[in-house]
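Model the full structure from these sequences, guided by the hints.
The lines below spell out each chain.
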Amino acid sequence: MKLRRLAHSRTGDKGNTSNISLIAYDPAHYGHLCRHVTAERVQAHFAGLAHGRVARYELPELGALNFVLEQALGGGVTRSLALDAHGKSLSSALLDMEIEPPADAGGGPATVAAPENHLPRAEDFLLWPPSLQPYGYRIVDRLFSSRPVPRSPRPRPLRYGPRLDVRYTCASGTFTLPEFMDRNALAGLLVLKDGRVAGEYYGLGLRESDRWSTMSTVKSLTATLVGAALHDGAIASLDDPVVRYVPALAGSAYEAVAVRHLLTMSSGLAWNEDYADRHSDVNRYSKSLADKVPGGVFELLRGLGRAHAPGARWHYNTGDTFLLGAVLRAAVGMPLADYLHRKVWAPCGMEFDAFYTLESDGGLEIGGSRAGVALRDFGRFAAFVLDDGVIDGHRVLPPGWNDAANAMHFRFGDEDRDAMPQIRSGALAGYGYSWWIGEDGAMIAVGFAGQRIYINRAERLAVVTLGAFPQARYCGPGDHDRVAEVVAFTEAVKQALR
Amino acid sequence: MGSTSRQGRAQPRVVRLGAGAGFARDRIDPAVELAASGRVDYLVFECLAERTIALAQLERRRDPLLGYDPMLEPRMRAVLPPAAANGVKIVTNMGAANPAAAGELTAAIAGDLGLRGLKIAVVQGDDVLDAVLGSDLILLESGAHVRELDGRIVAANAYLGAEAICRALAGGADVVICGRVADPALFLAPLAHEFGWRLDDWDRMARGTLAGHMLECAGQVTGGYFADPGYKDVPGLHRLGFPIGEVDAEGGLVVTKLPQSGGAVTPATCKEQLLYEIHDPARYYQPDVIADFSGVRIAQAGPDRVRLEGARGAPRPDTLKVSVAYRDGYIGEGQISYAGSGSACRARLAGDIVRQRLARPGVAPDEIRIDLVGIDALHADRLSAGHGEPYETRLRVAARTRDRAHAEALAREVESLYTNGPAGGGGVTLAVREVIAVQSVLLPRERVSAAITRYEV
Numbered sequence: 251m252k253l254r255r256l257a258h259s260r261t262g263d264k265g266n267t268s269n270i271s272l273i274a275y276d277p278a279h280y281g282h283l284c285r286h287v288t289a290e291r292v293q294a295h296f297a298g299l300a301h302g303r304v305a306r307y308e309l310p311e312l313g314a315l316n317f318v319l320e321q322a323l324g325g326g327v328t329r330s331l332a333l334d335a336h337g338k339s340l341s342s343a344l345l346d347m348e349i350e351p352p353a354d355a356g357g358g359p360a361t362v363a364a365p366e367n368h369l370p371r372a373e374d375f376l377l378w379p380p381s382l383q384p385y386g387y388r389i390v391d392r393l394f395s396s397r398p399v400p401r402s403p404r405p406r407p408l409r410y411g412p413r414l415d416v417r418y419t420c421a422s423g424t425f426t427l428p429e430f431m432d433r434n435a436l437a438g439l440l441v442l443k444d445g446r447v448a449g450e451y452y453g454l455g456l457r458e459s460d461r462w463s464t465m466s467t468v469k470s471l472t473a474t475l476v477g478a479a480l481h482d483g484a485i486a487s488l489d490d491p492v493v494r495y496v497p498a499l500a501g502s503a504y505e506a507v508a509v510r511h512l513l514t515m516s517s518g519l520a521w522n523e524d525y526a527d528r529h530s531d532v533n534r535y536s537k538s539l540a541d542k543v544p545g546g547v548f549e550l551l552r553g554l555g556r557a558h559a560p561g562a563r564w565h566y567n568t569g570d571t572f573l574l575g576a577v578l579r580a581a582v583g584m585p586l587a588d589y590l591h592r593k594v595w596a597p598c599g600m601e602f603d604a605f606y607t608l609e610s611d612g613g614l615e616i617g618g619s620r621a622g623v624a625l626r627d628f629g630r631f632a633a634f635v636l637d638d639g640v641i642d643g644h645r646v647l648p649p650g651w652n653d654a655a656n657a658m659h660f661r662f663g664d665e666d667r668d669a670m671p672q673i674r675s676g677a678l679a680g681y682g683y684s685w686w687i688g689e690d691g692a693m694i695a696v697g698f699a700g701q702r703i704y705i706n707r708a709e710r711l712a713v714v715t716l717g718a719f720p721q722a723r724y725c726g727p728g729d730h731d732r733v734a735e736v737v738a739f740t741e742a743v744k745q746a747l748r
Numbered sequence: 009m010g011s012t013s014r015q016g017r018a019q020p021r022v023v024r025l026g027a028g029a030g031f032a033r034d035r036i037d038p039a040v041e042l043a044a045s046g047r048v049d050y051l052v053f054e055c056l057a058e059r060t061i062a063l064a065q066l067e068r069r070r071d072p073l074l075g076y077d078p079m080l081e082p083r084m085r086a087v088l089p090p091a092a093a094n095g096v097k098i099v100t101n102m103g104a105a106n107p108a109a110a111g112e113l114t115a116a117i118a119g120d121l122g123l124r125g126l127k128i129a130v131v132q133g134d135d136v137l138d139a140v141l142g143s144d145l146i147l148l149e150s151g152a153h154v155r156e157l158d159g160r161i162v163a164a165n166a167y168l169g170a171e172a173i174c175r176a177l178a179g180g181a182d183v184v185i186c187g188r189v190a191d192p193a194l195f196l197a198p199l200a201h202e203f204g205w206r207l208d209d210w211d212r213m214a215r216g217t218l219a220g221h222m223l224e225c226a227g228q229v230t231g232g233y234f235a236d237p238g239y240k241d242v243p244g245l246h247r248l249g250f251p252i253g254e255v256d257a258e259g260g261l262v263v264t265k266l267p268q269s270g271g272a273v274t275p276a277t278c279k280e281q282l283l284y285e286i287h288d289p290a291r292y293y294q295p296d297v298i299a300d301f302s303g304v305r306i307a308q309a310g311p312d313r314v315r316l317e318g319a320r321g322a323p324r325p326d327t328l329k330v331s332v333a334y335r336d337g338y339i340g341e342g343q344i345s346y347a348g349s350g351s352a353c354r355a356r357l358a359g360d361i362v363r364q365r366l367a368r369p370g371v372a373p374d375e376i377r378i379d380l381v382g383i384d385a386l387h388a389d390r391l392s393a394g395h396g397e398p399y400e401t402r403l404r405v406a407a408r409t410r411d412r413a414h415a416e417a418l419a420r421e422v423e424s425l426y427t428n429g430p431a432g433g434g435g436v437t438l439a440v441r442e443v444i445a446v447q448s449v450l451l452p453r454e455r456v457s458a459a460i461t462r463y464e465v
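Sequence lines, in order, name chains A and B. Remember, my numbering sits 250 above the position in the first sequence when you count from 1. Remember, my numbering sits 8 above the position in the second sequence when you count from 1.
No lab work stands behind these hints: they were computed from the structure. Errors might be hidden in some of the hints.
Stated by the list, open to error - Quick list of in silico lysine-lysine cross-link-like pairs, DSSO-like style, CA-CA up to 30 angstroms: (1) A:Lys542 <-> B:Lys329; (2) A:Lys338 <-> B:Lys329; (3) A:Lys252 <-> B:Lys329; (4) A:Lys542 <-> A:Lys744; (5) A:Lys264 <-> B:Lys329; (6) A:Lys252 <-> A:Lys264; (7) A:Lys252 <-> A:Lys338; (8) A:Lys264 <-> A:Lys338; (9) A:Lys542 <-> A:Lys252; (10) A:Lys264 <-> B:Lys240.
What the hints assert, rightly or not - Simulated DEER-style distance windows between Cβ atoms: (11) A:Ser675 <-> B:Gly348: 36 to 46 angstroms; (12) B:Gly432 <-> A:Asp444: 23 to 33 angstroms; (13) A:Gly612 <-> B:Pro267: 45 to 55 angstroms.
Note that the structure is predicted; figures quoted are calculated from it, not measured. Glycine is no exception: its CB is placed at the ideal position from the N, C-alpha and C atoms.
This is how it looks when you write it as structure tokens:
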């Protein structure tokens, strides 16, 4: 919760020093403030703004704390170039700090202190009814811990081409583009052809600056960073054992697994990815993330058994991509969010901050699920892949990386199609480096509830769809197959733009 | 007004101090309201921020008859008649760099208003420029010698305590006009005078200082600078009243306001003000005492009435703090707005252009800052991240330079964005000002002596 719910504040200035008071509305919360709003935490909150020591003074009689921040005012009110040279507005910045909610302070029923913004329950993220999906998918960073991937200092405007005009035919009939949006609960649609936007649509109240949940499409993004790390030499070889980078998993079934296996979902570990089953591995993983348990996912991964030899079989496993993120983090020596900014977000001219969600407060990025990206920046990422990972003549990915990522490392059989119905509906033929390979040879990032980045390098075409597909239990009899309809739409777009 | 003097009267049970201003350009109406109410014995105007006196000093050099608070005349014209009618005494630091001129002007205004017999006292002695120039005093902030500011110092003023004001009041003054005095001392002095407190009664000095600290920012304790809709609501903020401090002979304080005025006095407004501009609450350094506010208790004592008690005092420091003001280059600033989609991109591009155009030898500023107002101007990139892009963006470029010409060059580069920058820029504003920086030194108190000059209308 925001500190603002528990306390109020005023800032004063003397020279280059700022004092920020923090006064509990309810004196019963004073102890909670003392425990959680430490001088260190305030210093971290103002990192980059306040450059000196932070002292904290306690005033139990007032139920208040007083923070004194040295070198906080750009040289002092007389010399500072800041718009707010006194730093008067720092109090509001402090109140924006996120803090653990207090266990009820006790002493009778709580009174209403302020209006409260109700958010959907985070741990039910994959189980929400259709009414919660469009709202919840826009505010993922408020439900989970996250780390920003700052936008580019030099955003690159997209180039716009002729407007796409398309009708498509699927099992239910023939439809127009607006019908496509509504029939499939789409929040975003972006079509890029030959480097130009052929269509950019926002639905369900999505705004251009909103960061919609990537779901598992971020797996393909994280996998792309493995390419960058190889190019940098931070990862020596895809055949390196995973435990070389993440010793915490030594002694577990991951001992024999190489980076390449994580990249291709072939670790061979036993893992249940059933989103509808509350007790499946993927939902235990989600619960650990919702509870922000530090090291909780590693603990879960250490407990997994082995089903197949590494590299022998493809088996979709979100835990594998989490681990791939941890390998990258260790290899490049910086948070994944920073690496993504440096390698892709800054040079590609991304217009909006994105974010990775985190395993726990301040913890590891989750490489395999529910990051947040704005629609146009999804498009810029697709353009980056279509340009073979070269930006303004500067190569970010190794030569041939996309050919390898786009190659069919595993071809699906009937067993796979029966186990994952979306393989058949989605016209997916196999799996590359954390990209699905379409029957038409396209590389496709696919995520829960209709997230999809379709990239067809031969056609110089990308189609990004952001969806809020209702989950099976909320679909009536005769409801149509939305995954198949997106494929039909994509096929029609491909034909129309040739 | 002289006829209503309290001299020789028995000790009153409670002295009522009204705050008439919290800064130089504060609103005047609430002060008039207090003076006319008959609910205050003193009206105190605190109008002198850290740097204001240096600017006033520059003004005085240009014109020896100026250098006092520019709002002195309108304020005195509005307040003196009701104050005289109700026997309200006035204490203020509106003398700034020229208390004598302020005293003469006030006497002239009083004569003009027909306030016969009004006694005005002027406190001087805070100007210690001669004692500081060429001394080997050490600047507290930078650790350098004062000598290193050779030729650039424009003012040095010591923070005087309550003693001289007490003497002025004992002499029967109705209006006391000072230059630099510690803000709380403006309030402490009438209390010490009325109750006959000894100036080494440290606990009472601390309690009087607490009263002064609570009142010195005027509206900031009655609900000003407080409202946050939905979290902290304040009724009638547009007709915010200024505070009254009711102080008893022991130094017990009740903060309140006029019932018909807007605003609110609650424990929460008082807590915010108590910690305002305080560092270590157990050691609040003042010329009259080292006050300890760490054990202060605050309780509601009625509607818009809050009681504060528990301040304690330790002996005053042997030195007085002196603000040393000096010329420190120039700041140039320019702003321009962009609208609609891509406004932030165009504003960023405009900022880059100005930065590159200024990167020439000889023109390059000492420090440059580029803000996008509405996006990251207040707290930079990290805290501002992820809040989306607004419909309009205002670019602000500010730079510190050695001389005025370079600051003006920066302003011109921003203005030139009209025809030499990105599309659709509008609403340019420019400003160039000299930087008068302030640092502090500590001066042994025996080297400062205050003198009083009296005028009678």
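Here's how the hints hold up against the structure:
no., hint, in the structure
1, A:Lys542 <-> B:Lys329, "violated, 51 angstroms"
2, A:Lys338 <-> B:Lys329, "holds, 24 angstroms"
3, A:Lys252 <-> B:Lys329, "violated, 40 angstroms"
4, A:Lys542 <-> A:Lys744, "violated, 43 angstroms"
5, A:Lys264 <-> B:Lys329, "holds, 13 angstroms"
6, A:Lys252 <-> A:Lys264, "holds, 27 angstroms"
7, A:Lys252 <-> A:Lys338, "holds, 19 angstroms"
8, A:Lys264 <-> A:Lys338, "holds, 11 angstroms"
9, A:Lys542 <-> A:Lys252, "holds, 17 angstroms"
10, A:Lys264 <-> B:Lys240, "holds, 26 angstroms"
11, A:Ser675 <-> B:Gly348: 36 to 46 angstroms, "holds, 41 angstroms"
12, B:Gly432 <-> A:Asp444: 23 to 33 angstroms, "holds, 29 angstroms"
13, A:Gly612 <-> B:Pro267: 45 to 55 angstroms, "holds, 51 angstroms"
The structure shown violates the earlier hints numbered 1, 3, 4.
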